[in-house]
Amino acid sequence: MGPQEAPRTTWPKNAWYVACTPDEIGQKPLGRQICFERMVFHRGRSNQVVALEDFCPHRGAPLSLGFVRDGELVCGYHGLSMGCDGRATSMPGQRVTSFPTIRAFPVLERYGFIWVWPGEADQADPAKLHHLPWAESPGWAYGGGLYHIACDYRLMVDNLMDLTHETYVHASSIGQKEIDEAPVNTRVEADQVVTSRFMEKIAAPPFWRMALRGAGLPEDAIVDRWQICRFSTPSHVMIEVGVALEGLGGYDAPADRKASSIVVDFITPETETTHWYFWGMARNFAVEDTALTDTIRQGQAKIFGEDLEMLERQQDNLLRHPDRRLLRLNIDAGGVRSRMMIEQAIAAELAAAT
Amino acid sequence: MGPQEAPRTTWPKNAWYVACTPDEIGQKPLGRQICFERMVFHRGRSNQVVALEDFCPHRGAPLSLGFVRDGELVCGYHGLSMGCDGRATSMPGQRVTSFPTIRAFPVLERYGFIWVWPGEADQADPAKLHHLPWAESPGWAYGGGLYHIACDYRLMVDNLMDLTHETYVHASSIGQKEIDEAPVNTRVEADQVVTSRFMEKIAAPPFWRMALRGAGLPEDAIVDRWQICRFSTPSHVMIEVGVALEGLGGYDAPADRKASSIVVDFITPETETTHWYFWGMARNFAVEDTALTDTIRQGQAKIFGEDLEMLERQQDNLLRHPDRRLLRLNIDAGGVRSRMMIEQAIAAELAAAT
Amino acid sequence: MGPQEAPRTTWPKNAWYVACTPDEIGQKPLGRQICFERMVFHRGRSNQVVALEDFCPHRGAPLSLGFVRDGELVCGYHGLSMGCDGRATSMPGQRVTSFPTIRAFPVLERYGFIWVWPGEADQADPAKLHHLPWAESPGWAYGGGLYHIACDYRLMVDNLMDLTHETYVHASSIGQKEIDEAPVNTRVEADQVVTSRFMEKIAAPPFWRMALRGAGLPEDAIVDRWQICRFSTPSHVMIEVGVALEGLGGYDAPADRKASSIVVDFITPETETTHWYFWGMARNFAVEDTALTDTIRQGQAKIFGEDLEMLERQQDNLLRHPDRRLLRLNIDAGGVRSRMMIEQAIAAELAAAT
Numbered sequence: 001m002g003p004q005e006a007p008r009t010t011w012p013k014n015a016w017y018v019a020c021t022p023d024e025i026g027q028k029p030l031g032r033q034i035c036f037e038r039m040v041f042h043r044g045r046s047n048q049v050v051a052l053e054d055f056c057p058h059r060g061a062p063l064s065l066g067f068v069r070d071g072e073l074v075c076g077y078h079g080l081s082m083g084c085d086g087r088a089t090s091m092p093g094q095r096v097t098s099f100p101t102i103r104a105f106p107v108l109e110r111y112g113f114i115w116v117w118p119g120e121a122d123q124a125d126p127a128k129l130h131h132l133p134w135a136e137s138p139g140w141a142y143g144g145g146l147y148h149i150a151c152d153y154r155l156m157v158d159n160l161m162d163l164t165h166e167t168y169v170h171a172s173s174i175g176q177k178e179i180d181e182a183p184v185n186t187r188v189e190a191d192q193v194v195t196s197r198f199m200e201k202i203a204a205p206p207f208w209r210m211a212l213r214g215a216g217l218p219e220d221a222i223v224d225r226w227q228i229c230r231f232s233t234p235s236h237v238m239i240e241v242g243v244a245l246e247g248l249g250g251y252d253a254p255a256d257r258k259a260s261s262i263v264v265d266f267i268t269p270e271t272e273t274t275h276w277y278f279w280g281m282a283r284n285f286a287v288e289d290t291a292l293t294d295t296i297r298q299g300q301a302k303i304f305g306e307d308l309e310m311l312e313r314q315q316d317n318l319l320r321h322p323d324r325r326l327l328r329l330n331i332d333a334g335g336v337r338s339r340m341m342i343e344q345a346i347a348a349e350l351a352a353a354t
Numbered sequence: 001m002g003p004q005e006a007p008r009t010t011w012p013k014n015a016w017y018v019a020c021t022p023d024e025i026g027q028k029p030l031g032r033q034i035c036f037e038r039m040v041f042h043r044g045r046s047n048q049v050v051a052l053e054d055f056c057p058h059r060g061a062p063l064s065l066g067f068v069r070d071g072e073l074v075c076g077y078h079g080l081s082m083g084c085d086g087r088a089t090s091m092p093g094q095r096v097t098s099f100p101t102i103r104a105f106p107v108l109e110r111y112g113f114i115w116v117w118p119g120e121a122d123q124a125d126p127a128k129l130h131h132l133p134w135a136e137s138p139g140w141a142y143g144g145g146l147y148h149i150a151c152d153y154r155l156m157v158d159n160l161m162d163l164t165h166e167t168y169v170h171a172s173s174i175g176q177k178e179i180d181e182a183p184v185n186t187r188v189e190a191d192q193v194v195t196s197r198f199m200e201k202i203a204a205p206p207f208w209r210m211a212l213r214g215a216g217l218p219e220d221a222i223v224d225r226w227q228i229c230r231f232s233t234p235s236h237v238m239i240e241v242g243v244a245l246e247g248l249g250g251y252d253a254p255a256d257r258k259a260s261s262i263v264v265d266f267i268t269p270e271t272e273t274t275h276w277y278f279w280g281m282a283r284n285f286a287v288e289d290t291a292l293t294d295t296i297r298q299g300q301a302k303i304f305g306e307d308l309e310m311l312e313r314q315q316d317n318l319l320r321h322p323d324r325r326l327l328r329l330n331i332d333a334g335g336v337r338s339r340m341m342i343e344q345a346i347a348a349e350l351a352a353a354t
Numbered sequence: 001m002g003p004q005e006a007p008r009t010t011w012p013k014n015a016w017y018v019a020c021t022p023d024e025i026g027q028k029p030l031g032r033q034i035c036f037e038r039m040v041f042h043r044g045r046s047n048q049v050v051a052l053e054d055f056c057p058h059r060g061a062p063l064s065l066g067f068v069r070d071g072e073l074v075c076g077y078h079g080l081s082m083g084c085d086g087r088a089t090s091m092p093g094q095r096v097t098s099f100p101t102i103r104a105f106p107v108l109e110r111y112g113f114i115w116v117w118p119g120e121a122d123q124a125d126p127a128k129l130h131h132l133p134w135a136e137s138p139g140w141a142y143g144g145g146l147y148h149i150a151c152d153y154r155l156m157v158d159n160l161m162d163l164t165h166e167t168y169v170h171a172s173s174i175g176q177k178e179i180d181e182a183p184v185n186t187r188v189e190a191d192q193v194v195t196s197r198f199m200e201k202i203a204a205p206p207f208w209r210m211a212l213r214g215a216g217l218p219e220d221a222i223v224d225r226w227q228i229c230r231f232s233t234p235s236h237v238m239i240e241v242g243v244a245l246e247g248l249g250g251y252d253a254p255a256d257r258k259a260s261s262i263v264v265d266f267i268t269p270e271t272e273t274t275h276w277y278f279w280g281m282a283r284n285f286a287v288e289d290t291a292l293t294d295t296i297r298q299g300q301a302k303i304f305g306e307d308l309e310m311l312e313r314q315q316d317n318l319l320r321h322p323d324r325r326l327l328r329l330n331i332d333a334g335g336v337r338s339r340m341m342i343e344q345a346i347a348a349e350l351a352a353a354t
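Protein chains in written order, with the UniProt record's numbering: chain Y, 1 to 354; chain R, 1 to 354; chain D, 1 to 354.
By construction, these hints were calculated from the structure, which means they are not laboratory data. Keep in mind that this is a model prediction, so the values were computed, not measured. C-beta atoms are modelled at their ideal positions from N, C-alpha and C, and glycine is treated no differently. Hints are not guaranteed to be accurate.
Stated by the list, open to error - Pulled from the structure, derived: some chain R residues nowhere near chain D, Cβ distances all over 12 angstroms:
1. S90
2. Y168
3. D180
4. E181
5. E312
6. G335
7. Q344
Stated by the list, open to error - Pulled a few chain R residues facing chain D out of the computed Cβ check, cut under 10 angstroms:
8. E120
9. N159
10. V287
11. A291
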């Protein structure tokens with residue numbers, strides 16, 4: 001790896017991003033680059049998660065190669081012990097009071113995720129955290145995973161806010177001809193961009209046949225299907241998806257006549273052309289069935305894996321042709337409006353900073 | 001891959017280059033970069049080969065990740081269907097008449113190769129195609145292959161127009177001491193640079209012993225050997241090679257007293273420092289013997305593979321020392337004159353463009 | 001590899017660096033980049049080692065892909081034969097008297113190493129070679145190895161001139177708590193920077209228990225331990241290390257009451273951010289025990305391997321933050337003063353050149 005310039009601002013900094021999942025922080029500290037900042041995560045003395053700059057003030061070694069002792073990160077090179085506030089607390093044979101400090105990033109553990117605030121610490125308000133009701137309800141089960149993808153995080157937002165691509169990219173799992181035949185509706189609701197699509201009286205594609213089985217419903221049934229994508233800043237996309245036995249109201253059908261879930265997507269920038277993609281599914285049926293959770297996770301892993309090559313090569317094509325203007329069709333409205341919301345957030349940040 | 005600048009002009013654009021072989025275009029489209037242009041190849045409705053820019057005008061996805069339906073390329077991301085002229089023909093739920101077009105490159109299928117014209121389409125004249133009589137004659141058999149090589153295509157031209165390197169690089173197959181002891185003659189004949197070398201009363205090296213066997217001649221015979229390299233723009237090198245039983249006229253010996261063939265080299269630039277090397281051999285003996293074709297192909301694959309490291313590390317050395325002037329010895333005259341012919345073609349193009 | 005700019009001067013050029021070990025130069029020539037110069041090493045007619053620029057003056061091919069014939073390097077591309085002074089001596093069919101010459105680098109074979117002088121040849125004085133008495137004494141045995149490390153060679157100097165890192169990086173082998181508890185003393189003695197540390201009445205760590213066994217002493221004994229690091233330009237670090245049975249004078253204890261050795265480190269720059277690290281150990285006990293030599297070598301290989309990731313990621317962090325000033329604590333004094341000595345050598349060179 002060589003020297004890298006700080007990127008132009010392509011994301012809001014003053015926002016909560018998913019940094020990792022709790023299981024990623026164990027005995028060893030975790031190093032991860034978020035919004036271009038190299039961070040190191042560990043648990044402090046009271047088990048709270050701590051996010052620090054991954055740079056020892058002594059000689060620049062990465063603290064993520066060190067270890068945790070009594071809730072403090074100890075540099076693995078010469079033993080500097082770093083406090084959770086970014087101030088060195090001790091070092092063998094040294095007085096550390098005048099040592100330079102490193103950044104401590106505001107961090108929260110909630111909803112089964114670790115959230116970090118890469119911007120101004122004094123503006124980090126836990127109240128600004130995205131609310132995930134299903135994550136606190138016993139009536140829901142969740143499973144998910146993480147991909148590292150070599151493209152601008154906004155290409156992933158585009159991808160998720162226009163599900164017509166399922167017909168082509170995911171033809172063998174969740175795609176079906178009816179998706180791109182159904183009209184799409186895009187609107188802004190308060191702080192969300194919402195794109196929805198409803199398909200009536202169709203056969204369920206393979207993934208949903210599996211879900212129907214899991215929900216104790218006939219997998220061959222004719223169904224009504226829905227997809228409601230909700231983008232909110234900085235880069236979260238929650239997609240309500242499901243199928244109901246036909247003619248019972250679709251999205252509004254009785255709970256025992258449908259299989260529904262929420263596709264959960266947290267898209268965290270790493271650099272201008274790479275991102276961390278936390279994907280998963282929350283469901284409110286068969287919530288005790290951990291084998292089903294695993295089956296769904298494997299299915300999703302395969303499906304989302306199908307997007308990777310397309311996204312990375314799309315990124316590559318766009319880098320080759322920075323001057324070309326892409327089309328903004330009606331199906332692209334979800335992505336286009338989401339990007340506008342991102343740009344507004346960035347502009348508001350810049351205005352507040354001056 | 002990151003952004004790349006368009007290269008300076010190191011090749012003529014208005015010329016027919018070999019892009020691929022027919023067997024490379026099957027059910028799936030083929031993406032390949034030719035003269036810095038990223039192209040995608042597929043077969044249209046009447047089975048003709050089509051070469052388009054590998055960039056979907058909708059969102060910049062590579063069309064080579066899509067599929068072919070009724071002779072049209074369909075983008076694998078959102079289903080845009082692209083006509084063979086670079087105009088979108090349809091897309092689910094969209095009117096495509098005002099979509100931007102992409103480039104369609106003139107293309108020809110002839111002599112067992114797909115040829116593409118990366119320059120001005122209106123100047124693409126099939127009559128300018130290099131003529132290959134052996135490719136249309138039942139009296140000849142052909143076998144070949146493709147290498148991707150990380151060096152300027154002109155280093156490969158140099159390589160092929162100075163076969164003294166066989167003595168060193170290919171010591172165990174076609175090289176022999178007599179090659180660099182024999183005088184070389186270089187001349188320009190009409191639109192070709194010709195370098196020739198004749199060796200009399202020598203033992204045949206291993207490759208030619210095999211060929212003598214294949215031709216039904218004694219492999220231990222003392223032979224007269226010849227090498228006649230013919231360069232023509234943009235970057236084709238045809239090399240007449242062979243051995244005849246000694247004293248019967250060498251190159252002009254009776255057909256049943258010699259084993260001869262044409263080493264076929266199409267050298268297609270990819271970028272300034274990489275190229276596609278289509279190599280092969282056409283022979284006019286034992287033409288029904290497909291096992292012999294395979295044996296020769298394997299032999300050639302091994303021999304040409306011996307050049308790769310040398311060429312790539314030579315390229316690397318030259319990039320390190322762009323200021324050093326290389327020697328131009330008599331043995332280098334073939335490459336030197338070929339490069340002059342390339343430069344003249346480029347200059348003529350530039351003059352015509354102003 | 002692509003084009004590279006010549007680096008700023010971060011090392012003295014007029015100095016003897018270890019280039020390789022004799023066993024690396026066999027039938028085949030050895031190509032290696034030293035102080036940014038690409039060199040090729042082979043043995044000449046009288047078995048002397050020759051170091052030439054790895055660039056054939058004919059067409060820029062790397063001579064290291066060639067072969068040795070009668071003590072001369074023959075280019076593997078077109079057969080140019082290169083004299084040991086960098087002048088071509090022959091080439092098939094050519095007169096070579098007016099060929100450009102390539103650089104021949106002064107080279108010495110001594111102490112079991114090949115040393116090269118990458119700077120001005122007329123200043124290459126064998127008397128300036130670092131003296132290694134143990135390498136010429138039958139009372140000593142030596143074993144060592146080579147690592148290629150992706151960091152500035154001076155980070156390795158820092159590493160070796162501050163052994164407090166052993167406590168952390170090498171916790172399971174040579175590290176122990178007492179190291180960073182013992183005061184360190186740094187001073188300049190003539191042309192050396194010396195950093196020393198003495199620990200009394202301690203338990204021997206695993207590596208030294210093994211050495212005590214090898215020396216026929218009780219491995220469980222309480223010992224006095226010492227570390228005396230000696231830096232000399234351009235980049236050699238000799239570390240006297242050892243343990244003696246307690247209370248017998250430590251470093252000055254009788255020879256049969258201690259196990260001691262010299263950690264040998266030759267740190268040769270390759271580029272500004274990579275180097276060759278020749279490591280080893282010379283010992284004056286059980287010198288006939290070649291199995292012990294192997295055991296020590298394997299132990300060292302493992303120990304020095306533990307530094308690699310730390311050094312390479314430290315380098316990466318520093319490239320990201322070129323503006324940050326690192327701390328210079330007392331424990332860093334060895335590295336700081338060594339760098340000053342390097343800078344003085346560079347400044348003296350530059351002054352002499354004007």
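Taking the hints in turn, this is what the structure says about them:
no.: 1; hint: S90; result: 43 angstroms, holds
no.: 2; hint: Y168; result: 5 angstroms, violated
no.: 3; hint: D180; result: 4 angstroms, violated
no.: 4; hint: E181; result: 6 angstroms, violated
no.: 5; hint: E312; result: 9 angstroms, violated
no.: 6; hint: G335; result: 9 angstroms, violated
no.: 7; hint: Q344; result: 22 angstroms, holds
no.: 8; hint: E120; result: 31 angstroms, violated
no.: 9; hint: N159; result: 9 angstroms, holds
no.: 10; hint: V287; result: 34 angstroms, violated
no.: 11; hint: A291; result: 33 angstroms, violated
Of the numbered hints given earlier, the model fails hints 2, 3, 4, 5, 6, 8, 10 and 11; all others are met.
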